[in-house]
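From first to last, the protein sequence lines are chains U and P. The numbering used here puts the first residue of the first sequence at 10, with every later residue one more than the last. The numbering used here puts the first residue of the second sequence at 11, with every later residue one more than the last.
It is worth saying that the hints were derived from the structure and are not from the lab. It is possible that part of the hints are untrue.
Pair by pair, the computed Cβ-Cβ distance ranges are [as the list claims (entries may be wrong)]:
1. P:L43 x U:T120: 24 to 30 Å
2. P:L43 x U:H57: 20 to 26 Å
3. P:L43 x U:D56: 40 to 46 Å
4. P:Q216 x U:H97: 54 to 60 Å
With a Cα cut of at most 30 Å, we get these calculated BS3-like pairs of lysine-lysine [claimed, not checked]:
5. U:K94 x U:K52
6. P:K122 x P:K137
7. P:K140 x P:K220
8. U:K52 x P:K140
9. U:K58 x P:K220
10. P:K220 x P:K122
11. P:K137 x U:K52
12. P:K199 x P:K220
13. P:K199 x P:K137
Keep in mind the model is a prediction, meaning the values are calculated, not measured. Here a beta-carbon is modelled for each residue, glycine too, at the ideal position from N, C-alpha and C.
Here's the letter readout for the chains.
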Amino acid sequence: MAFQINKNFYGDIPDDGSGANLPQTATENKNEWPLWEIFIRSKQGLDHKHVGSLHAADAAMAIENARDVYTRRMEGVSIWAVESKYVHASNPDDAESFYEPSEDKIYRHPTFYQLPDEVNHM
Amino acid sequence: MNDPLNKYILHLADNALILAQRNGEWCGHGPILEQDIAITNISLDLLGQARNFYQYAASLQGNDATEDSLAYLRIENEYRNGLLVEQPNIDWAQTILRQYFFSAYQYLLYEKLQASDDAQLAAIAAKALKEVSYHLRWSREWVIRLGDGTAESNRRMMQAVDALWRYTGELFIPADYENQVGVDVSLIKDAWTEQVNVVMAEAGIQLPEKTFMQTGGKQGIHTEHLGYILAELQYVQRAYPNSSW
């Protein structure tokens with residue numbers, strides 16, 4: 010199957026560093042199951058956290074595999090599985106323009122307020 | 011110790027231990043990493059069940075009996091596991107089908123056993139039932155996947171059925187000790203057969219219509235495979251008695 014994957018430097022980064030919009034035909038081996046990203050909620054009320062990835066033939070198997078691989082030591086109460094090709098990532102080359110401009114804008118941190126003592130958990 | 015309860019507990023324990031040992035043979039050799047972990051998880055679940063039963067049997071026997079002496083120091087004809095669980099892995103299809111046949115049986119068995127008058131057996135069964143329901147789900151999925159997969163996976167599944175079907179009848183024929191204690195296994199046969207038929211139909215697998223059912227394992231008369239399993243299982247305890255980790 011030859012489908013386009015919009016994937017920037019996520020997971021297996023190509024040697025040429027190109028990344029985006031590479032046709033993945035070369036790596037779509039028929040004998041390999043697709044890769045899935047696994048998110049586990051460690052207990053009720055908390056959010057799902059990324060714990061790793063695994064191979065599975067379909068979503069049902071991905072969840073069962075995640076149960077066996079990532080929850081065998083009581084790590085969780087809920088599992089999400091997302092096929093890795095649907096995860097889009099920012100490009101490391103964009104780091105300067107993406108992240109550095111915020112470095113000198115400390116006024117965006119809400120640290121200039123005096124909080125009353127009665128307010129907890131801020 | 012020859013009382014029926016003791017024999018029955020060892021029968022339950024041996025089934026779990028021998029299948030755990032067989033599944034454990036996959037450790038490091040699974041078809042892919044995720045399934046390697048899955049099958050060895052199941053192996054460890056079964057080993058845990060076996061330990062619970064052996065500990066209970068040892069406490070009833072008294073003297074010097076321990077879970078280890080019961081697991082490691084009996085001879086072949088003292089093991090009362092069914093013939094099904096000692097059959098070799100051969101390939102993934104046969105391993106999966108063996109697990110499915112057994113888990114479907116074990117699920118129905120433990121479901122009834124958790125209502126046993128014997129509080130200890132009831133407690134072990136209730137705890138194990140959660141594990142077994144996952145084994146059943148996992149192996150059922152795989153039976154359908156392989157049966158309904160490619161021509162090759164279907165062929166392997168059919169081979170597995172040919173190899174294993176003859177060992178399923180014994181599960182539902184009560185041994186002498188089962189006539190006196192525990193669950194009446196003849197009563198769960200219909201439920202098992204019905205479930206298996208549904209799954210096999212979905213998997214596109216034809217079950218044999220008439221097969222001579224092998225028996226004997228529950229009475230200590232085993233296929234040639236058990237001796238080899240025990241040789242590997244018992245080697246360290248036999249060579250270095252009473253050694254511990």
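How the hints compare with the structure:
Taking 24 to 30 Å as the suggested C-beta distance range, the pair P:L43 and U:T120 does not conform, at roughly 46 Å. Between P:L43 and U:H57 the C-beta distance comes to about 22 Å, which sits within the given range of 20 to 26 Å. About 27 Å separates the C-beta atoms of P:L43 and U:D56, a value inconsistent with the hinted range of 40 to 46 Å. At about 47 Å, the CB distance of P:Q216 to U:H97 disagrees with the hint of 54 to 60 Å.
Proximity of U:K94 to U:K52 is assessed by CA-CA distance (about 27 Å); at most 30 Å being required, the pair is judged to hold. Between P:K122 and P:K137 the CA atoms are separated by roughly 13 Å; this keeps the pair inside 30 Å, and the hint holds. A hinted pair counts as satisfied when its Cα atoms are at most 30 Å apart, and P:K140 with P:K220 does not qualify at roughly 34 Å. Between the alpha carbons of U:K52 and P:K140 the distance comes to roughly 20 Å, so the proposed pair stays at or under 30 Å and holds.
Under the criterion of a C-alpha separation no larger than 30 Å, the hint pairing U:K58 with P:K220 is inconsistent with the structure, at around 53 Å. Annotation: proposed proximity of P:K220 to P:K122 holds, straight-line Cα distance about 29 Å (limit 30 Å). Taken as a hint, the P:K137 and U:K52 pair is honoured in the structure, with Cα atoms around 22 Å apart against an allowance of 30 Å. A distance of roughly 16 Å separates the Cα atoms of P:K199 and P:K220; the hinted pair therefore holds under the 30 Å criterion.
The straight-line distance between the Cα atoms of P:K199 and P:K137 is roughly 23 Å, inside the 30 Å bound, and the hint therefore holds.
The structure fails to meet hints 1, 3, 4, 7, 9 from the earlier list, while all remaining hints are met.
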